[in-house]
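Taken in sequence, the protein lines are chains G and A.
First residue of the first sequence? That's 82 in our numbering, and the numbers climb one at a time after it.
First residue of the second sequence? That's 25 in our numbering, and the numbers climb one at a time after it.
These aren't lab readings, by the way, just hints derived from the structure by calculation.
Using N, Cα and C, we set each Cβ at its ideal position, and we do this for glycine too.
Careful, some of the hints might be misleading.
Said to hold, decoys possible - Under the rule of at most 25 Å between Cα atoms (straight-line distance), these lysine-lysine pairs were calculated in the PhoX-like manner:
hint: 1; chain 1: A; residue 1: Lys200; chain 2: G; residue 2: Lys168
hint: 2; chain 1: A; residue 1: Lys283; chain 2: A; residue 2: Lys329
hint: 3; chain 1: G; residue 1: Lys342; chain 2: A; residue 2: Lys269
hint: 4; chain 1: A; residue 1: Lys269; chain 2: A; residue 2: Lys283
hint: 5; chain 1: G; residue 1: Lys342; chain 2: A; residue 2: Lys200
hint: 6; chain 1: G; residue 1: Lys168; chain 2: G; residue 2: Lys342
As the list claims (entries may be wrong) - To be clear about the criterion: a stretch of chain A counts as covered by chain G if any three or more of its residues have a C-beta under 8 Å from a C-beta of chain G, and this derived list gives those stretches:
hint: 7; segment: 97–111
hint: 8; segment: 146–157
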Amino acid sequence: MNWRAELLGVEAVLVRNALMASRNVFFFFELLFWPIVGVLSIGLMTRFLRLSPEQASFVLVGTIALSVVNVCQLEVAYAVLLDVWSKSMKHQFLAPIGIRHLTLGSWVVGMVRGTAIFALLALLGWWAFGFDVLRPGWLALGAFLLGCFLNAWVVGVAVCALITLFGNRAEAFAWASVNLVLVLAGIYYPVSVLPEPVATVARAIPLTYFLDAYRASFGFASEFAAPVATGLALSALYAALAHWAFLAAVGRARRTGLLLKMSE
Amino acid sequence: MALPPGGTLAAAQRHSPGANMIPMVSFTGMLAIDARDVVKTFRSGWPRRRETPALQGVSLAVPRGAIFGLLGPNGAGKTTFLSILATLLVPDGGSVRVLGHDVVREAGALRRRLNMASGRPSFLWSLRVGEILAFYGRLYGLAGAPLRRRVDELIELCELGPHRRVLYSELSTGLKQRVALAKSLVNDPELLFLDEPTLGLDPDISVRMRRHIAELRRDRAMTIVLTTHYMREAEELCDEVAFIKAGRILARGTSGELKRRIRLGEVIALRLDPPTAAWLAEAPGVLRCVAADGWVECTVDEAEKRLPELLRALHVEGVVVRNVQVREPDLEDVFVELAR
Chain G
82 MNWRAELLGV EAVLVRNALM ASRNVFFFFE LLFWPIVGVL SIGLMTRFLR LSPEQASFVL
142 VGTIALSVVN VCQLEVAYAV LLDVWSKSMK HQFLAPIGIR HLTLGSWVVG MVRGTAIFAL
202 LALLGWWAFG FDVLRPGWLA LGAFLLGCFL NAWVVGVAVC ALITLFGNRA EAFAWASVNL
262 VLVLAGIYYP VSVLPEPVAT VARAIPLTYF LDAYRASFGF ASEFAAPVAT GLALSALYAA
322 LAHWAFLAAV GRARRTGLLL KMSE
Chain A
25 MALPPGGTLA AAQRHSPGAN MIPMVSFTGM LAIDARDVVK TFRSGWPRRR ETPALQGVSL
85 AVPRGAIFGL LGPNGAGKTT FLSILATLLV PDGGSVRVLG HDVVREAGAL RRRLNMASGR
145 PSFLWSLRVG EILAFYGRLY GLAGAPLRRR VDELIELCEL GPHRRVLYSE LSTGLKQRVA
205 LAKSLVNDPE LLFLDEPTLG LDPDISVRMR RHIAELRRDR AMTIVLTTHY MREAEELCDE
265 VAFIKAGRIL ARGTSGELKR RIRLGEVIAL RLDPPTAAWL AEAPGVLRCV AADGWVECTV
325 DEAEKRLPEL LRALHVEGVV VRNVQVREPD LEDVFVELAR
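Throw the hints in and build the complete structure from the sequences for me.
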């Protein structure tokens, strides 16, 4: 493997996504507007409902996770979406790069944006509601963010696969899929409150375990043994599956001609 | 090993209808493209599947260093074939070797050596011209000073200097096409595919674009395969052309060969007073007669023999001949004949 070429492929996508992110107004809304609105409205709701500081922290962790995963996942989906929108899909698949370059480059930008959002929302949560993201410690925080980013990667790559498989019709998945995952993962509630069949599905989602592990440090008993390890193992499994699905979708698009239909 | 431009193209004609079969082995290394019996069918619709045959056994050999034109009406299969050659589309059947690589099994290695530009280019709207070229340069393994040098070269070559920092969305059609051409040269490809490279361009820009394309072959010994609707463009640029219709190659050869093979004859254009003479179509040696823009154009089997006969007959009939032009049929006439 030529590591230099590998890194250049990733760097190309990274620079492209970063430049696009800096010049489009909808990126600003993703980065600032919706996350801030989310934390403020949920935080104010916790006050209205007179939740204890621990309960408020539980809900705010979910709100912040929603924003971080959402932004990072969208950025990964932009690996394909930007080219679908600009109808330049064929050019990147004509170049000697693989889908790993596309998704990794986008993921790095997604993590930078996700970290920026997390820092911003953490400051806002601390200033407005006294919520301290560092209370569980740096290690727990790192594991939580890693879990968010890994889940975002999995969902983002799956969205890329769906778009490559079904074309523009699948665009809606880019915005809808992560919300479905977060609802199932127990964004504002413990998984134990879900009906059993749904709770079983929730236990198959890696983010469930990362949320559980982080919230345990805010005084909520963990529902799982070794949640971080389980979350990492599941993430690795889904990451491999999502990568394979995207690869298969590109192969199919080359056979059906969809790759050309999504180009100029 | 490149063939001299316009040189031993006959070596590649073994796939042509009616061409003499030439032993395969000795020419394989000289070929940029060696496609045999390529079949592609598009399937759409659910639950009722509709099948659209796009290519029905296309065979084509293109020698290295040539400019080769693919001509044909809309929906003939030109772009489908080009996309298969460029590894963007997988054929259903047949075999395709490009620059010695199998387009399906060795697509990765092949992609480093070819590139493509389209006459309807589209790139990311919020990137500047220089950034677009740098992005694709990185995808092809360039970085640092070599990348900057390459981008500078391409911007100079395609006369994009004043537009380097302009967003793609703000460029005119002609400039977008120049960006597409510059992008297609970013990896200095051995084989370049141009899909309708001058589509929708103003005539002066088209002339410049054609000049660029001719220079690419002259200066870099690049093999170029282009599709076009403009017969003049094909005639001016291409060493050889192939006509595709309904997924089949109907004819291939040099412009002169095709005109001879299809026996289009020559055209005698007459400006008459009175302006028409219907009986001309029945005159000996006249294949057909068309009146347009005040001219009567008679396609004849042999102009040298028929012109005096026609002039004599017109004089006898009392028709005044105000102007006469004799010309060879152009590629457009061949196209019209084949597309019929």
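For each hint, the structure was consulted:
1. A:Lys200 x G:Lys168: Roughly 14 Å between the alpha carbons, so the hint for Lys200 of chain A and Lys168 of chain G holds.
2. A:Lys283 x A:Lys329: Holds. Lys283 of chain A to Lys329 of chain A sits at ~19 Å (cutoff 25 Å).
3. G:Lys342 x A:Lys269: Holds, at roughly 21 Å.
4. A:Lys269 x A:Lys283: holds (17 Å)
5. G:Lys342 x A:Lys200: Status holds; Cα separation ~20 Å.
6. G:Lys168 x G:Lys342: Distance of about 9 Å is within 25 Å: holds.
7. 97–111: This one holds; 5 residues, not fewer than the three required, reach chain G with a Cβ under 8 Å.
8. 146–157: holds (count 7)
In the structure shown, no violation is registered for any of the earlier numbered hints.
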